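Taken in order, these protein sequences are the chains called A and B. For the record, in the first sequence the residue sitting at position 152 is 180 according to the numbering used here, with numbers rising by one throughout. For the record, in the second sequence the residue sitting at position 65 is 76 according to the numbering used here, with numbers rising by one throughout.
No lab work stands behind these hints, which were simulated from the structure alone. This structure is a prediction, so every number in the text was calculated from the model and none was measured. It cannot be assumed that every hint is accurate.
To be verified - Once the Cα atoms are required to be at most 16 Å apart in a straight line, the calculated EDC-like pairs of lysine to aspartate or glutamate come out as: (1) A:Lys197 <-> A:Glu58; (2) A:Lys84 <-> A:Glu104; (3) A:Lys84 <-> A:Glu45; (4) A:Lys375 <-> A:Asp318; (5) B:Lys276 <-> A:Asp429; (6) A:Lys422 <-> B:Glu273; (7) B:Lys368 <-> B:Asp379; (8) B:Lys306 <-> A:Glu345; (9) A:Lys422 <-> B:Glu297; (10) B:Lys306 <-> A:Glu344.
Unchecked claim - If you want the footprint, here are the derived chain B segments under chain A, 3+ residues with CB under 8 Å: (11) 270-282; (12) 292-300; (13) 307-313; (14) 330-340.
No residue lacks a Cβ here, since even glycine has one placed at the ideal position from N, Cα and C.
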Amino acid sequence: MLALEQFRDSTRAWLEENCPPSMRTPMVPEEIVWGGRDAVFINPESKLWLDRMAEKGWTCPTWPAEYGGGGLSSEEAKILAEELARFNARIALTSFGISMLGPVLLEYGTHEQKMEHIPKIIRGEIRWCQGYSEPGSGSDLASLGTKAILEGDEYVVNGSKVWTSYADKADWIFCLVRTDFEVPKHSGISFLLFDMKSEGVSTKPIQLISGSSPFCETFFDDVRVPAANLMGRLNEGWSIAKRLLQHERTMISGFGLASGQGDRGGTTSTTASLEGAAMHYRGDKDRLTDPALRDQIAQFKIDSEAFALTSQRSSEESKQGGPNATSSMLKYYGCELNKRRYELFLKAMGSKGLGWGGDEFEAEELQVTREWLRSKANSIEGGTAEVQLNIVAKRVLGLPDMLSLASKK
Amino acid sequence: MAMVLSEDQQLLRDSARSFCQDNAPISVMRHLRDEKSELGYDEAIWQQMIELGWPGMAIAEKYGGFEFGYTGLGLVLEETGRTLASSPLIASVLLGASLLTEAGNEEQKSQLLPQIVNGELRLAVGVDEGPHHNPSRVACTAIKQGAEYVLTGEKSFVLDGHIADKLVVAARTSGEPGSENGISLFLLEAGCQGLQIQRTQMVDSRNAANLVLDQVRISEDSLLGSEGAGFTALDAALDIARIGVASEMLGSVQEVFQRIVEYLKQREQFGVQIGAFQALQHRAAEMYSEIELCKSAVLGALRCLDDPSATAKDRARMASVAKAKLSEVSERVSNEGIQMHGGIGMTDEFDIGFFLKRARVAQQFLGDASFHRDRYATLHNF
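I would like the entire structure built from these sequences, with the hints used as guidance.
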């Protein structure tokens, strides 16, 4: 206990000294730090903050110190998170290397692979993207057809991926490829890591209904990848792929968590909380005058509280704090909650929540509209709501699988 | 506030579970229903619960209790919910003892609480006067005459009202119905003159009663707390009871869901187990998700009751979170309990219908989902 309290004191002192002033203010979307070779720091203090945090390994607090991580116990990491929250500190580095690849690389990678990639993830030097979905392989991900053929000490990769988040900005890709076409679909998949600068890689952004383009189509045309970049064993990539999906779901389920006090979090504006927005746009003073909306907002907030407690319970129950069988439930519920949140914002704001551009709307109002549209992807990306429910039904509840029953007949 | 149980709490839950499964299974409830038991619970089982220390679980040691906290009492109630085991735990302990603790003076507490712990005293609490829970809408009057109060009015849905030894009744010493000011609490003997108690036969086969108070004269010593200022203590005790009832509902909901999942694996139609049909799988998976939220809401609320730094407002908020969520989900799950069992679920011979009946009574008791959403919104100033 004493050691933990000392850790808290020294952490607080370090943050007091090292967290730059502007990093103690609410994050603005343009200043989110994703890292990478071509990282642009609009705010120079973002770079300073990243470097200081990375130096301590605190961008990945519980990863082994051997590879540059913080080496903290889960208790210490909790204290660090609490102290960061005390300072209202921004997240120093956001990346798929941290939330998705890193954990499975630590679990399945060779020592050489870890030495090569983990420190660069921690320092934000390399930005990763995820090569999973293909045009014909969405929910049935294991049917993927991008092929990798071993020629000498290189794999030659041909095919295409879709919904590759930020592929146009990423430096490296972790990619599912088919290395055996003669076996059942789950048994011929391998997990490859390669540089997006490799010859034969090209990307094309996809514009979404929200107007933004976070996703890309990614094409591989005779891309040559060193055989040493295979992670895990040949043709055993599916188990790594599924493990990584658990981490992805845990990350996405966080969309369901309201940050800070408000329902959109981090701001003190009229659209910070649902009830605040509803009363503001109706001109209500003490009490929300639309009883149906009031009931729906209360129900949403009650579910949000219960969901936040469930996330907490889930991470405390799984001793390592890693993802477990409930990650599908959390992903499903968190995404449904987030979609409900934005539908309620639209109801709360009336026509003010439906602007597309121009001076008649506040920037923040326009942002809510775009966020509402973007939220529709939540129950599709990282495995659809329906796929999550299938996983819960089969893996958690142990209900029979119709597809395997049918194939036995 | 940890969201996992301590080792002691896990042991308590396990022993409560085996006690209920072995000694108070659902067949006991069926038997009580069939023989139209006047008591509404099994006296021998209640005596065993007393021996296990359940009534004293959350009561302070100086009043003869065991100070195991509300989390402990909640875990026990959850297990009674799994087998629909009725007992005076809700009326006498959860409501009665909590109200004594919140409102009583030292003398009242040191005299009465030990009697609740050892089972000598069964309490009932009369608050509501209409078909809906509304603790501030007290119209029953108490008029001071010398050293006495004269109580006149009616009370409805008083759990264990007709078997209690003493009753606590909320009556108005000033103000209008709907006002939180002017409500006072009185401790009555069950046999006092002018008090008529009529048992109501409820769909869940448990005990409830209507009271008619016709010029009931009681000594001013029977006042619990100070005159006109009873609402704060009443609402605090109601919050404890709301969370306790949510715990009981959590047990019932989990039991129904477990029975559903077992049936989906066992029942075959069209040559396959019906659990292979996606239409049923997804409904089951959605229920599972909702029940996971229920577990967290109840545990979070119990933790709040045991947290000395929590304020009355924190408790009120968490009580409404838990009772609103459990009321909503228990409606859904109890309905699916019937639907997913098909025709057999409609038969009296099959137990699942008992859970449906109990669910609706528990939903209404101390406020249904819309009551608590309204209260939650008010607590959040909107």
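Hint-by-hint comparison with the structure:
| no. | hint | verdict |
| --- | --- | --- |
| 1 | A:Lys197 <-> A:Glu58 | holds (15 Å) |
| 2 | A:Lys84 <-> A:Glu104 | holds (13 Å) |
| 3 | A:Lys84 <-> A:Glu45 | holds (14 Å) |
| 4 | A:Lys375 <-> A:Asp318 | holds (11 Å) |
| 5 | B:Lys276 <-> A:Asp429 | holds (11 Å) |
| 6 | A:Lys422 <-> B:Glu273 | holds (13 Å) |
| 7 | B:Lys368 <-> B:Asp379 | holds (15 Å) |
| 8 | B:Lys306 <-> A:Glu345 | holds (13 Å) |
| 9 | A:Lys422 <-> B:Glu297 | holds (13 Å) |
| 10 | B:Lys306 <-> A:Glu344 | holds (14 Å) |
| 11 | 270-282 | holds (count 3) |
| 12 | 292-300 | holds (count 7) |
| 13 | 307-313 | holds (count 4) |
| 14 | 330-340 | holds (count 5) |
Checked against the numbered hints listed earlier, the structure breaks none of them; every hint is satisfied.
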